[in-house]
Amino acid sequence: MELHDVWFVLIAVLWTGYFFLEGFDFGVGILTKLLARNRPERRVLINTIGPVWDGNEVWLLTAGGATFAAFPEWYATLFSGFYLPLLVILVCLIVRGVAFEYRAKRPEENWQRNWETAIFWTSLIPAFLWGVAFGNIVRGVKIDQHFEYVGSLGDLFNPYAVLGGLVTLTLFTFHGAVFTALKTVGDIRLRARRLALWVGLVTAVLALGFLLWTQAHSGDDKSLVALIVAVVALVAALVANQAGREGWAFALSGLTIVASVAMLFLSLFPNVMPSTLNGDWSLTVTNASSSPYTLKIMTWCAAIATPLVLLYQSWTYWVFRKRIGTQHIAPDAAGAAH
Amino acid sequence: MDLALAPETLARWQFGITTVYHFLFVPLTISLAALTAGLQTAWVRTENEKYLRATKFWGKLFLINIAMGVVTGIVQEFQFGMNWSDYSRFVGDIFGAPLAFEALIAFFFESTFIGLWIFGWDKLPKKIHLACIWMVSIGTILSAYFILAANSWMQHPVGYKIDKARGRAELTDFWAVLTQNTALSQAFHTLSAAFLTGGAFMVGIAAYHLARKKHIREMKTSLRLGLVTVVIAGLLTAVSGDVLGKVMFKQQPMKMAAAEALWDGQKPAPFSIFAYGDVDKGHNTVAIEIPGLLSFLANDDFTSYVPGINDVNKSEQQKFGPGDYRPNIPVAFWGFRWMIGFGMASFAIGLAGLWLTRKKFMLPKHLRVGDDEVPHLVLFKYKALGPKLTTWYWRIAIWTLAFPLIANSWGWIFTEMGRQPWVVYGVLQTRDAVSPGVSQGEILTSMIVFTTLYAILAVIEVKLLVKYVKAGPPELTEADLNPPTKIGGDTRDADKPMAFSY
Numbered sequence: 001m002e003l004h005d006v007w008f009v010l011i012a013v014l015w016t017g018y019f020f021l022e023g024f025d026f027g028v029g030i031l032t033k034l035l036a037r038n039r040p041e042r043r044v045l046i047n048t049i050g051p052v053w054d055g056n057e058v059w060l061l062t063a064g065g066a067t068f069a070a071f072p073e074w075y076a077t078l079f080s081g082f083y084l085p086l087l088v089i090l091v092c093l094i095v096r097g098v099a100f101e102y103r104a105k106r107p108e109e110n111w112q113r114n115w116e117t118a119i120f121w122t123s124l125i126p127a128f129l130w131g132v133a134f135g136n137i138v139r140g141v142k143i144d145q146h147f148e149y150v151g152s153l154g155d156l157f158n159p160y161a162v163l164g165g166l167v168t169l170t171l172f173t174f175h176g177a178v179f180t181a182l183k184t185v186g187d188i189r190l191r192a193r194r195l196a197l198w199v200g201l202v203t204a205v206l207a208l209g210f211l212l213w214t215q216a217h218s219g220d221d222k223s224l225v226a227l228i229v230a231v232v233a234l235v236a237a238l239v240a241n242q243a244g245r246e247g248w249a250f251a252l253s254g255l256t257i258v259a260s261v262a263m264l265f266l267s268l269f270p271n272v273m274p275s276t277l278n279g280d281w282s283l284t285v286t287n288a289s290s291s292p293y294t295l296k297i298m299t300w301c302a303a304i305a306t307p308l309v310l311l312y313q314s315w316t317y318w319v320f321r322k323r324i325g326t327q328h329i330a331p332d333a334a335g336a337a338h
Numbered sequence: 001m002d003l004a005l006a007p008e009t010l011a012r013w014q015f016g017i018t019t020v021y022h023f024l025f026v027p028l029t030i031s032l033a034a035l036t037a038g039l040q041t042a043w044v045r046t047e048n049e050k051y052l053r054a055t056k057f058w059g060k061l062f063l064i065n066i067a068m069g070v071v072t073g074i075v076q077e078f079q080f081g082m083n084w085s086d087y088s089r090f091v092g093d094i095f096g097a098p099l100a101f102e103a104l105i106a107f108f109f110e111s112t113f114i115g116l117w118i119f120g121w122d123k124l125p126k127k128i129h130l131a132c133i134w135m136v137s138i139g140t141i142l143s144a145y146f147i148l149a150a151n152s153w154m155q156h157p158v159g160y161k162i163d164k165a166r167g168r169a170e171l172t173d174f175w176a177v178l179t180q181n182t183a184l185s186q187a188f189h190t191l192s193a194a195f196l197t198g199g200a201f202m203v204g205i206a207a208y209h210l211a212r213k214k215h216i217r218e219m220k221t222s223l224r225l226g227l228v229t230v231v232i233a234g235l236l237t238a239v240s241g242d243v244l245g246k247v248m249f250k251q252q253p254m255k256m257a258a259a260e261a262l263w264d265g266q267k268p269a270p271f272s273i274f275a276y277g278d279v280d281k282g283h284n285t286v287a288i289e290i291p292g293l294l295s296f297l298a299n300d301d302f303t304s305y306v307p308g309i310n311d312v313n314k315s316e317q318q319k320f321g322p323g324d325y326r327p328n329i330p331v332a333f334w335g336f337r338w339m340i341g342f343g344m345a346s347f348a349i350g351l352a353g354l355w356l357t358r359k360k361f362m363l364p365k366h367l368r369v370g371d372d373e374v375p376h377l378v379l380f381k382y383k384a385l386g387p388k389l390t391t392w393y394w395r396i397a398i399w400t401l402a403f404p405l406i407a408n409s410w411g412w413i414f415t416e417m418g419r420q421p422w423v424v425y426g427v428l429q430t431r432d433a434v435s436p437g438v439s440q441g442e443i444l445t446s447m448i449v450f451t452t453l454y455a456i457l458a459v460i461e462v463k464l465l466v467k468y469v470k471a472g473p474p475e476l477t478e479a480d481l482n483p484p485t486k487i488g489g490d491t492r493d494a495d496k497p498m499a500f501s502y
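Taken in order, these protein sequences are the chains called Z and H. Position 245 of the first sequence, counted from 1, bears residue number 245 in the UniProt record's numbering, the numbering being contiguous throughout. Position 446 of the second sequence, counted from 1, bears residue number 446 in the UniProt record's numbering, the numbering being contiguous throughout.
These are calculated hints, taken from the structure and not from any lab test. The model shown is predicted, which means the values in this text are computed figures rather than measured ones. A portion of the hints provided could be inaccurate.
In silico DMTMM-like cross-links for lysine to aspartate or glutamate, where the CA-CA straight-line distance does not exceed 25 Å [unchecked claim]:
#	chain 1	residue 1	chain 2	residue 2
1	H	K463	Z	E108
2	H	K164	Z	D280
3	Z	K322	H	E478
4	H	K246	H	D264
5	H	K470	Z	E109
6	Z	K322	H	D371
7	H	K246	H	D301
8	Z	K296	H	D163
9	H	K383	H	D371
10	H	K246	H	E289
11	H	K126	H	E49
12	H	K164	Z	D144
13	H	K127	H	E475
14	Z	K322	H	D490
15	Z	K142	H	D432
Let the sequences and hints guide you as you build the complete structure.
Quick look at the structure:
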């Protein structure tokens, strides 16, 4: 395995980490409208991810930065090619971050409601668009001989990619519902389980369709294994959720995400962004990667820093391991005033 | 295509707007993290409640600020690929690494521990909770270092070779990129200026309350902390600015000649305080100058030769081929002056404040005050300033809050625009760096979207800051004074509301 292959794996790991972690906090954001019935419940939901959403988002920044460093051509083609969808994602992430931090900083009803609406939409839209983006990466897009994206905005919303978007949207919502059941106490916990069942069933149908389509398009034996793991994990997550084994359900919905992302990357390799115009114009791990020297330095950095990150991020989850219920939320915004 | 709307121009405007905006929050984040951590350390060590109230007060303002810094930072990470794809292809091998390091080492650190600090008041024992804010502070400084090393490479590329076959620059010595003197002096200068910014922020807000005789205990402490920070950081900013200036005179003589509107080389060269020039004709029509000072700034020697804009332009034409290698001279000239002027004004106001509010040194007994009294402002040994002058000092002290922010912005505008037409000095020109595949309409859209969004958020943020500034330090609760002894919170608190919730 050469270093650019290692970095292909590491980029996949970073995106997996991002979708696993921000996946459930997007899901929780969506549930603020789907599940919560009143303001205290919405606050319960928001506070389950309060201490961690920011750290979760850094997985995205790292995936972006690492792609820039390890595969500059991929970074350049992808980010300039998917310009407008990325703009929308950026706007969502900006508003979403501010919404979490500022929502409770004023007691006015209007102020809080507006930020809650913002949290819902800015969680839902990126959850959908990331799937669209990855659908297009795997399927391939119109890339010319200079590695420039020459397709239109409409080309990005082809049926396969849109299906991918629906899969991430529903899968993250499911993941978020399972997370909510694990992290809350009281009535909302039971309703989260019930909702997880329905969302999970929809997810299963969509995901099966999308993954099979992917397998038929560019799969091999390895991606087939990942596909099977993803589907089995999703079904098992549903069973665990029904049995009230919340920890298992969350681990398994997480495994579904891990296996699905793995499957996408396996069916992509050794391309990183195939061209649909001419196979020779595809970006691959070889023609898009940085020099061996840069990759070596990056490998050292990742080898030392990543375990540390995992360690202290896990510790955060352990510190905030207690379930949250409406009784833990101060009756007004006063709790946030100091 | 109309030049004003050319993709290169638009992409530069967007980069300028989003980066200057982002950098309003960055220096405040860097300095307020450390200052808040300092106040919290004082609380943990002395158990004097005024320190905890001050920690909560400044911590709140810090959080309102860092939220904006974090979200506007995401744009920075993506913007290179979106708008500057040819730049990214050409320099990614080098420039990407410090960015990835920044994310892996600094961003994770910062954002994980900030979550622990915000929500950890009733979940972490006192000292561990304190350690979290220090971790955040370390994260902010590391982050600054990596990104400044990346920027320094654009100012003065080192440790690389050009791979002609792949048409790109490749890294050969990462250590050189991280430790070249451009990076060291730029980090020194930027971090000092960041602390000047945070210090002035503290001085301004403390002065606001003290002028109204409110929250005196906490605000007196904050004022002194702010003043000391302003004076030390201001001094270091000046020293590091001189060091960085000398480095730039060697590495980018054009930028420094432009900063002085020095059209033709002179020996000795004067420093102009005011100049009005004609860019087309290549000379100044009006100039007020201090003889020899520029020679000293450039070379530590009042009589040395400093090359002018026209000289450097000629030598660069010989080196790089025909073309105009002059940046926008008025922007460089005035940007340089506004940077120094506003930065040093806040330093002077801080120095004056430190003297005026001194506690004991050269201060007779009748002018010393107790803990609950606003300090007298004492200029000479036996007499406090009259009410009018006192009001004016507090007023100026409040204004000083904005000065370093203005200075920082102009500093960046100066150093980035002063490097033009290069994006990587001597290696890649800005016009060759933009994304060829991104249309004018797309860039225009994103520029308008970001500008509008940022403007709206600025209004929201400032209003929120004002609200919390006016509210003053909060009253402490039982929970504040009885932090948990166990990680994850004490069991006795199982059903209590959280100390902090969104």
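Of the numbered hints stated earlier in the document, which are not met by this structure?
Number 6 - this is the single hint that the structure violates.
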